[in-house]
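Residue numbers (numbering that gives the first Met the number 0): 0 to 318.
Note that these hints are calculated values from the structure, not bench results.
A portion of the hints provided could be inaccurate.
Claimed, not checked - Only pairs whose alpha carbons sit at most 25 Å apart, straight line, appear in this in silico DMTMM-like list of lysine to aspartate or glutamate:
no.: 1; residue 1: Lys120; residue 2: Glu209
no.: 2; residue 1: Lys159; residue 2: Asp147
no.: 3; residue 1: Lys159; residue 2: Asp172
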Amino acid sequence: MADIALKTGTARAAPPDVSAWQRLRANKNWLGLWFMLPTAAFLILFLAYPLGLGVWLSFTDSRLGRGGVFVGLENYIFLWDDSVFWLSVFNTILYTTVASVIKFAIGLYLALLLNEHLPFKAIIRAVVLIPFIVPTVLSAIAFWWLFDPQFSVISWSLRKMGFITENINFLGDPWNARWSVIFANIWRGVPFVAITLLAGLQTVSPSLYEAATLDGASTWQRFRHITYPLLTPIIAVVMTFSVLFTFTDFQLIWVMTRGGPVNATHLMATFSYQRAIMSGYLGEGAAIATAMIPFLLGAILVSWFGLQRRKWQQGGDND
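Please take these sequences and the hints and turn them into a complete structure.
Structure, rendered in structure tokens:
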């Protein structure tokens, strides 16, 4: 039979002996894994490992200059009865909520404005972006001078116009200091929201607005039924990053107030730094930083569930 097969040409050559490693290298489904391995190693080394180490330190009594022993929940129990810690939690939530809402409102307005046909629009966009590209420390120093109790140009201007009779104690009064750092954060964060939302607006087809206008839709109706639904995925992503950046803000607060006066502007990030580095209590500082994780995960989950409700963006039905 073998001779007949050879004569008729129907015999097939036996497949070469290919190792499992060679088959794995040739599999296109694994190509993405090979490209992701360097990034995964980078994330594990510089993100996952420090995070895990910080969580571990929060369960120890580590101090600067010496290792610690495992103490369980002792640091968290101590923080539960620490009034300054709860004040920092309140400050962080107030700071994040007010600043994020105002940044979104102003940023959305600027994005809608810059999306119109304006003269010198490119220059205006560049000017709007300046606060975001200026280093945070320089911005903080500038605001520190603006809010200086003696040399503040704001107080000087208001006195010259007759609105006040003495300088405003911007950074010396607890509530004035809170609003001052919130204002500085808003000034710095608005460009990021505005430019990102503007990029999203550029993807909306003008034909949708033209059709809505022909149907008699007002400006508000066009925004409500066209602009906002199409911007929802971008808004979710932008606001998630905005909340995360604001919640973990450190440089702006530390340069302007260092958490003062009387801890009125201490955020959880600055309070963690003060306890861990300035005071040397690494375990307590790590516990404060670890306590930020549930808040951050909550912000991420809200954004994720919000995106899941918009199934249309993935070709499905909207819930």
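Q. Regarding the pair Lys159 and Asp147, is the alpha-carbon distance no greater than 25 Å?
A. holds, 17 Å
Q) Are the Cα atoms of Lys159 and Asp172 separated by 25 Å or less? A) Judged against 25 Å, a Cα distance of about 22 Å means the pair holds.
Q.
Next pair to validate is Lys120 with Glu209; report whether the Cα-Cα distance is within 25 Å.
A. The hint holds at about 22 Å.
The earlier numbered hints are all upheld by this structure, with none contradicted.
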